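Novice: Using the sequences provided together with the hints, build the complete structure.
Under the working numbering, the first residue of the sequence shown carries the number 2, and numbering increases by one thereafter.
If you are wondering where the hints come from, they were derived from the structure by calculation, not from laboratory data.
Where hints are given, some of them may not hold.
Claimed, not checked - Listed below are the simulated DSS-like cross-link pairs for lysine-lysine, each with C-alpha atoms no more than 25 Å apart in a straight line:
no., residue 1, residue 2
1, K258, K225
2, K307, K297
3, K249, K213
4, K125, K68
5, K297, K235
6, K217, K166
7, K281, K258
8, K142, K85
9, K52, K217
10, K217, K235
11, K249, K225
12, K235, K49
13, K49, K72
14, K311, K267
15, K281, K307
What the hints assert, rightly or not - Here are the computed distance ranges between Cβ atoms for each label pair:
no., residue 1, residue 2, range
16, N165, K140, 31 to 37 Å
17, V138, L221, 27 to 33 Å
18, A56, K217, 30 to 36 Å
19, E136, L193, 17 to 23 Å
20, E298, K140, 50 to 56 Å
Please read all numbers here as calculations on a predicted model, not as lab measurements.
Note that the Cβ used here is the ideal one computed from N, Cα and C, for glycine as well.
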Amino acid sequence: MQLSLNLINTQRNLLAFSAGVDSSALFFILLENNIPFDLAIVDYNYRKQSKEEVAYAKELALKYDKKIYIKESSFEKLSNFEKKARDIRYKFFDEIINDHSYEALITAHQLNDKLEWFLMQFTKGAGLNELLSFEEVSKRKNYKIFKPLVNISRETLLNYLNKNKIKYFIDESNNNEIFKRNYFRRNFSNRLLKEFETGIKNSLIYLNEDLKSLEKKEVLLYNKEELEIFENSKDDNLNIRIIDKSLKKRGLLLSKKQREEIIKEKELVVSHKIAISIEKEFIYICPYLTNLTLTKEFKELCRINKIPKKCRAYIYRFELLDSILKKIK
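Specialist: See the structure below:
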């Protein structure tokens with residue numbers, strides 16, 4: 002499972018629990034990985050089964066020495082149920098976190114939820130920010146929210162529960178298409194993920210990376226002859242976009258394998274033609290030259306100023322070192 006547990010860097014965590022497939026799986030995944038947490042569950046008194054779910058939550062809390070916070074609520078009408086339920090739920094979480102000094106909330110949103118949200122927003126008319134709001138880490142008021150399962154499908158979680166013989170409940174209201182999310186789940190997202198899970202998961206990950214990168218801008222520091230020096234954005238995705246754009250202008254298209262190799266190796270030659278070097282502060286891109294004898298003095302200046310080795314011959318050939326140093330010093 003492609004979990005994001007390494008992002009959870011807090012010690013006082015609250016798990017939003019419902020006793021359903023997602024939160025039951027997450028409960029035991031957190032236990033297995035020694036991540037500390039307590040439980041919070043809301044009973045909306047909408048289904049008879051909710052009493053059994055709360056009882057199960059209490060049972061787990063007692064067995065595994067977890068604190069548990071329970072909220073009783075009720076609705077007279079189903080209109081706008083999902084929004085009302087969410088408002089009640091997060092108000093409850095806010096109160097617990099403030100009163101008991103928790104640092105973070107952990108929720109069990111998973112890949113199906115992420116795709117359902119995407120489709121719902123897409124059909125309403127939305128921009129990238131609205132379409133891609135399921136972040137693995139986000140901030141709310143004075144605490145963090147972690148969603149470590151957002152790249153894991155519900156089917157994968159079900160398999161985990163069944164394999165480990167872990168008890169969970171199925172919310173019968175998930176079949177009621179009066180709720181818009183259920184309509185998208187039953188008619189679209191479940192079917193799409195069943196056939197195209199890997200592609201959908203990767204696309205949503207790439208779109209999120211692109212969105213983050215779009216918020217940043219490339220900074221070209223130097224451009225002379227065919228040498229370009231950019232500021233290192235400290236973002237692999239944006240750095241690859243910068244390199245890709247530069248190479249396209251030079252008539253070269255990067256393959257997926259080449260992109261991955263550039264990020265891994267940091268300095269290499271593409272297609273025996275273009276030298277690329279991702280340094281701590283800068284990105285160098287220029288034609289790759291060989292069969293040039295560099296002076297000892299020039300090599301020493303390059304070493305001192307951390308000029309990448311594969312670019313040195315080109316810089317030497319066109320006498321660019323002095324003008325480069327004026328720009329990057």
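Novice: Each hint should be assessed against the structure and marked as holding or not.
Specialist: Taking the hints in turn, this is what the structure says about them:
no. : hint                     : result
1   : K258 to K225             : violated (29 Å)
2   : K307 to K297             : holds (15 Å)
3   : K249 to K213             : holds (22 Å)
4   : K125 to K68              : violated (40 Å)
5   : K297 to K235             : violated (32 Å)
6   : K217 to K166             : violated (46 Å)
7   : K281 to K258             : holds (23 Å)
8   : K142 to K85              : holds (19 Å)
9   : K52 to K217              : violated (49 Å)
10  : K217 to K235             : holds (10 Å)
11  : K249 to K225             : holds (17 Å)
12  : K235 to K49              : violated (52 Å)
13  : K49 to K72               : holds (16 Å)
14  : K311 to K267             : holds (11 Å)
15  : K281 to K307             : holds (10 Å)
16  : N165 to K140: 31 to 37 Å : holds (33 Å)
17  : V138 to L221: 27 to 33 Å : holds (31 Å)
18  : A56 to K217: 30 to 36 Å  : violated (49 Å)
19  : E136 to L193: 17 to 23 Å : holds (21 Å)
20  : E298 to K140: 50 to 56 Å : holds (52 Å)
Going through the hint list in order, the structure does not satisfy hints 1, 4, 5, 6, 9, 12 and 18.
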